Amino acid sequence: MATTESAFRARAFRARAKHSSTVWALRLLLLLIVVGAWLYGTGPGEISFLILPPLGEVFSAIGGLVTTQVFWTALGVTVFEMLVAFLLAAVVGVSLGFFLSRTPLRAQASEPLLSWGYMFPVVLLYPLFLLWVGVGIGSKIAYAATAAFFPIAYNTLRGLRSVDEKYLKVGVAFGASRLATDRHIKAGAARPMILSGLRIGVSVVMISVVLAELLGSNAGLGYELQRAASTLRLPDEYGIALLLLVVAVTLQRVLELALRPRRPGQKAPSRATEPAAQLDE
Amino acid sequence: MAVPSVYAGRLGASTRTRRGTSRAEARVWRTAFIVGVVVLWELLARTGVIDERFASKPSSIVMAVPPLLSDPQVLEALGMTLYAVGASFAIGTAGGMLVGVILGLQPMLRTAYFPIVMMLLGTPKSLFLPVIMLFFGLGVESAIVFGSILTFVHVTVNVVAGVDLVEPKHLMVAKAYRASRWKRFRHVILPGASPGLFTAIWHGLRNGFTGVVIAQLFTATAGIGYLVRVYSNNFQTDRALTLILMVSLVLILVGTGWNHVEKRLTSWRPDATQ
Amino acid sequence: MTDLRVEGLQVAYETRPGERLVACQDISLTVASGEFVTIIGPSGCGKSTVLHCMGGLLPPTQGRVLFGGDEVVQPNPHNAAFVFQDYSLFPWKNILENVGMGLTFAGAGKTEIAGKAAEKLDFVGLGEFAHALPRELSGGMQQRVAVARALAMEPRVLLMDEPFGALDEQSRRTLGSDMARILEQTQRSVVLITHSLDEAIFWADRIIVMSARPGTIIEEIEVKAPRPRDLSMMTEPEFQAIRVRLFDLIQLQQAKKAPQPLAGGR
Ligand SMILES: Nc1ncnc2c1ncn2[C@@H]1O[C@H](COP(=O)(O)OP(=O)(O)OP(=O)(O)O)[C@@H](O)[C@H]1O
Ligand SMILES: [Mg+2]
Numbered sequence: 001m002a003t004t005e006s007a008f009r010a011r012a013f014r015a016r017a018k019h020s021s022t023v024w025a026l027r028l029l030l031l032l033i034v035v036g037a038w039l040y041g042t043g044p045g046e047i048s049f050l051i052l053p054p055l056g057e058v059f060s061a062i063g064g065l066v067t068t069q070v071f072w073t074a075l076g077v078t079v080f081e082m083l084v085a086f087l088l089a090a091v092v093g094v095s096l097g098f099f100l101s102r103t104p105l106r107a108q109a110s111e112p113l114l115s116w117g118y119m120f121p122v123v124l125l126y127p128l129f130l131l132w133v134g135v136g137i138g139s140k141i142a143y144a145a146t147a148a149f150f151p152i153a154y155n156t157l158r159g160l161r162s163v164d165e166k167y168l169k170v171g172v173a174f175g176a177s178r179l180a181t182d183r184h185i186k187a188g189a190a191r192p193m194i195l196s197g198l199r200i201g202v203s204v205v206m207i208s209v210v211l212a213e214l215l216g217s218n219a220g221l222g223y224e225l226q227r228a229a230s231t232l233r234l235p236d237e238y239g240i241a242l243l244l245l246v247v248a249v250t251l252q253r254v255l256e257l258a259l260r261p262r263r264p265g266q267k268a269p270s271r272a273t274e275p276a277a278q279l280d281e
Numbered sequence: 001m002a003v004p005s006v007y008a009g010r011l012g013a014s015t016r017t018r019r020g021t022s023r024a025e026a027r028v029w030r031t032a033f034i035v036g037v038v039v040l041w042e043l044l045a046r047t048g049v050i051d052e053r054f055a056s057k058p059s060s061i062v063m064a065v066p067p068l069l070s071d072p073q074v075l076e077a078l079g080m081t082l083y084a085v086g087a088s089f090a091i092g093t094a095g096g097m098l099v100g101v102i103l104g105l106q107p108m109l110r111t112a113y114f115p116i117v118m119m120l121l122g123t124p125k126s127l128f129l130p131v132i133m134l135f136f137g138l139g140v141e142s143a144i145v146f147g148s149i150l151t152f153v154h155v156t157v158n159v160v161a162g163v164d165l166v167e168p169k170h171l172m173v174a175k176a177y178r179a180s181r182w183k184r185f186r187h188v189i190l191p192g193a194s195p196g197l198f199t200a201i202w203h204g205l206r207n208g209f210t211g212v213v214i215a216q217l218f219t220a221t222a223g224i225g226y227l228v229r230v231y232s233n234n235f236q237t238d239r240a241l242t243l244i245l246m247v248s249l250v251l252i253l254v255g256t257g258w259n260h261v262e263k264r265l266t267s268w269r270p271d272a273t274q
Numbered sequence: 001m002t003d004l005r006v007e008g009l010q011v012a013y014e015t016r017p018g019e020r021l022v023a024c025q026d027i028s029l030t031v032a033s034g035e036f037v038t039i040i041g042p043s044g045c046g047k048s049t050v051l052h053c054m055g056g057l058l059p060p061t062q063g064r065v066l067f068g069g070d071e072v073v074q075p076n077p078h079n080a081a082f083v084f085q086d087y088s089l090f091p092w093k094n095i096l097e098n099v100g101m102g103l104t105f106a107g108a109g110k111t112e113i114a115g116k117a118a119e120k121l122d123f124v125g126l127g128e129f130a131h132a133l134p135r136e137l138s139g140g141m142q143q144r145v146a147v148a149r150a151l152a153m154e155p156r157v158l159l160m161d162e163p164f165g166a167l168d169e170q171s172r173r174t175l176g177s178d179m180a181r182i183l184e185q186t187q188r189s190v191v192l193i194t195h196s197l198d199e200a201i202f203w204a205d206r207i208i209v210m211s212a213r214p215g216t217i218i219e220e221i222e223v224k225a226p227r228p229r230d231l232s233m234m235t236e237p238e239f240q241a242i243r244v245r246l247f248d249l250i251q252l253q254q255a256k257k258a259p260q261p262l263a264g265g266r
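Residue numbers (this note's numbering), protein chains in the order written: chain B, 1 to 281; chain R, 1 to 274; chain S, 1 to 266.
Isolated chain B, as found in the complex:
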């Protein structure tokens, strides 16, 4: 795939370099269409204010929200849940991946289990998580960590299993212990795949936490969104949704940057195709 990818990147890069103004114009166009449709809907389109509030009201709602303590507390709760869930899933997923990769038999026996877990619609279990862990932040963390665990463990195991034998041979020839093999050889060789699993984990955690807060909770941004919706505070509802979008995109960017392969010698799976093949809601 290397040739295709680089050729493609080159193509995209050229397009970007030559036409960056056009690109921004195109994006602006999309924004204008959305805003225009909104304005039309609330104006001449005569969509009820009980469905779509005027844009101005949404913006003033946002302005109001960001000055309240409630909003920042909710944001704190949500981000906290995300971080804890991600750390849990990452630690357990990566170490289990290493553990399972130790012998070929173990790896072969467990890989399908992980891939099935990956396909399993964990979201259906959320009502049961509520039953088991309660409505507080625990159920959000447990659910999001479970959902993110599978892609992380699966990708770690896949990466470790595909470590080139020639590197392992060096380890054996130079007397590396199992721990040293894990640390200096396997972790290095499998790093792109592990990082890719972690990046997918980031997305899954964010998706899961927000969803869980919407489906049943007593704190967090998702909860505030759900509350605004059920009390028909429409400008707030739209405002929180937009703020949540901003928060999610920002968080994703930050964590993704942190999880980018560092050494230039390492070719990460293409940014475009990586989660495409794997990320599920």
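Simulated from the structure, these hints should not be mistaken for laboratory data.
Here the structure is a predicted model, which means the values were calculated and not measured.
Please note that a few of the clues may not be correct.
Stated by the list, open to error - Restricting the straight-line Cα-Cα distance to at most 25 Å, the calculated cross-link-like pairs of lysine to any residue (SDA-like) are: (1) R:263 <-> B:112; (2) R:263 <-> B:192; (3) S:93 <-> B:260; (4) S:93 <-> B:191; (5) S:93 <-> B:188; (6) B:166 <-> S:124; (7) B:166 <-> S:86; (8) B:166 <-> S:196.
What the hints assert, rightly or not - With the C-beta cut set under 8 Å, the calculated list includes, among others, these residues of chain B facing chain R: (9) 35; (10) 66; (11) 108; (12) 112; (13) 113; (14) 121; (15) 203; (16) 207; (17) 211; (18) 225; (19) 226; (20) 238; (21) 241.
Yeah, the Cβ is synthetic: ideal placement off N, Cα and C, and Gly gets one too.
Chains R and S with the ligands: place on chain B using the hints.
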């Protein structure tokens, strides 16, 4: 003296392992693991270590299958979920394929819009759920809309990834032989991108299902998600788990089958191992 | 003492359940300390297999390998260190870390590792590339790093499997003579596998010629030319005589085995 193989356990596809049997061996261990978990679960529940009201137990789950499958409410829920998933899949896939191919082939549009789609892929789309409910109500329409959105995003991304698989040198050949636009699409792009398109369909289906179920879990008054919510609230965990496991089994079977076919489809690629 | 002895070695691979493939048999040889031994033979005759056994990477089916009188059952890089054909540097570590890898595995202290690694890297003339990544180096340079990695263990024997296999003819020659100079200075025993007649002679105190599979030793040839050697040696009549002899031996094997199997396998 038997000399221990230093390779054993250290090198993946080791020099001296009996390749033929190890696969079967792995299957045995896997099955043993699953059976072990089920037995342990049953034992813990029976001895009261875990509360059966919360965790149910495997035997109750099995026993719940016949009544569940003869319950008209369940059948109706299955039927309407299937309908909603089918509709989401159709809408989302059609849109995703179209947009995906366009973005894949038009560098400029791609540079402008693909990052937005990618961003959507990783963000919680459920934050649109309350708004969708405002527009489309609590019925099946909302589920279809949300399912379609998820399908659309996933299909688009996978189709673009698929179009990326088309070798530039093959496009060059098409150009050299002055193939028409349609012929180029039909004979070079489509076959080259087919593995990606194939993956796209699976992810479309998978996420159509997830979207529908999420909408049903949220506020709907019918469907599988709704039933799971109700059963859980009423401590009917056996019913909830039975329903979940049945549906998941179907999903996993389809997904595994899909993976197998996909592997075969892409096997001609020397670098398809990723 | 410190010599490496192989006694009646046979290795069989189990390719499929119940199917055995004898890679080499009846291999007996001795590598005296400080001696350069080269092994040559047709592709797939079991050269790598023998070398792996000598270093304890692979257990023999029959026979044994002795290092200074003790049986070798697992690799000990302080006794015998490998230089692999494809270098196998770790692309995720920089050059200095790569050279120090063996010491890291042996649990040496950080400063000791850094010191020794830097010393060996200087020794192979790559001191200034300590912080580069392997991919920034040419094939020949990577080769020297692999040698430095082995030398850092200060092993008594260096086991090299076609160390110039991945290089073109020109670099093989220059790198080969550079390397010969470096290794002559270290006073270590070297076992080197090669496909090239010239290399086999140029390096060797003794050449071991193997037959096609199942590989056995069909001839041992001493090379008495004085050291240090340089490329001019290749024009001397003695060199040419050995070359012709080797050519005949290998040709004979090829003819007997014809058609040659395509895959040599590693
Ligand atoms: N892991 C293995 N499993 C099964 N057979 C093997 C294995 N490794 C090597 N063989 C077989 O053993 C024989 C000897 O292999 P070996 O790699 O030692 O040959 P070689 O002389 O080093 O060849 P080359 O010069 O091509 O490197 C070959 O016929 C090969 O097919
Ligand atoms: Mg070899």
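Verification of the supplied hints:
1. Simply put, residue 263 of chain R and residue 112 of chain B have alpha-carbon atoms about 15 Å apart, close enough for the 25 Å limit, and the pair holds.
2. Using a Cα cut-off of 25 Å, the hinted pair residue 263 of chain R and residue 192 of chain B holds, with the two alpha carbons roughly 22 Å apart.
3. Among the hinted pairs, residue 93 of chain S with residue 260 of chain B is consistent with the structure: their alpha-carbon atoms are about 17 Å apart, no more than 25 Å.
4. Of the supplied pair hints, the one linking residue 93 of chain S and residue 191 of chain B holds, its CA atoms being roughly 12 Å apart against a limit of 25 Å.
5. As the CA atoms of residue 93 of chain S and residue 188 of chain B are separated by approximately 8 Å, the hinted pair is consistent with the 25 Å bound.
6. A threshold of 25 Å between alpha carbons decides the hint, and for residue 166 of chain B with residue 124 of chain S the separation of about 23 Å falls inside it, so the pair holds.
7. Simply put, residue 166 of chain B and residue 86 of chain S have alpha-carbon atoms about 8 Å apart, close enough for the 25 Å limit, and the pair holds.
8. Note on residue 166 of chain B and residue 196 of chain S: the hinted pairing holds, with a Cα-Cα distance of about 23 Å set against a maximum of 25 Å.
9. Interface restraint check: residue 35 of chain B against chain R, minimum CB-CB distance 15 Å, threshold 8 Å, status violated.
10. Annotation: interface hint on residue 66 of chain B violated; nearest CB of chain R at approximately 17 Å, more than 8 Å.
11. With a least beta-carbon distance of about 4 Å to chain R, the hint placing residue 108 of chain B at the interface is held under the 8 Å criterion.
12. Because the beta carbon of residue 112 of chain B sits about 7 Å from the nearest beta carbon in chain R, less than 8 Å, this interface hint is met.
13. Interface hint status for residue 113 of chain B: upheld, as the beta-carbon distance to the closest one in chain R is roughly 6 Å, under 8 Å.
14. Interface restraint check for residue 121 of chain B: the shortest CB-CB distance to chain R comes to about 6 Å, inside 8 Å, so the restraint holds.
15. Taking 8 Å as the C-beta contact cut-off toward chain R, the hint placing residue 203 of chain B at the interface holds, the least distance being around 4 Å.
16. Here the hint on residue 207 of chain B is kept, as its CB sits about 5 Å from the closest CB of chain R, short of 8 Å.
17. Annotation: residue 211 of chain B was flagged as interfacial toward chain R, and the flag holds, the nearest CB pair being 4 Å apart, inside 8 Å.
18. Taken as an interface hint, residue 225 of chain B checks out: its beta carbon lies about 6 Å from the nearest beta carbon of chain R, inside 8 Å.
19. At a threshold of 8 Å, the smallest CB-CB gap from residue 226 of chain B to chain R is about 7 Å, leaving the interface hint in force.
20. Given hint, residue 238 of chain B at the interface with chain R, holds; its Cβ is 7 Å from that chain's nearest Cβ, closer than 8 Å.
21. Because the beta carbon of residue 241 of chain B sits about 5 Å from the nearest beta carbon in chain R, less than 8 Å, this interface hint is met.
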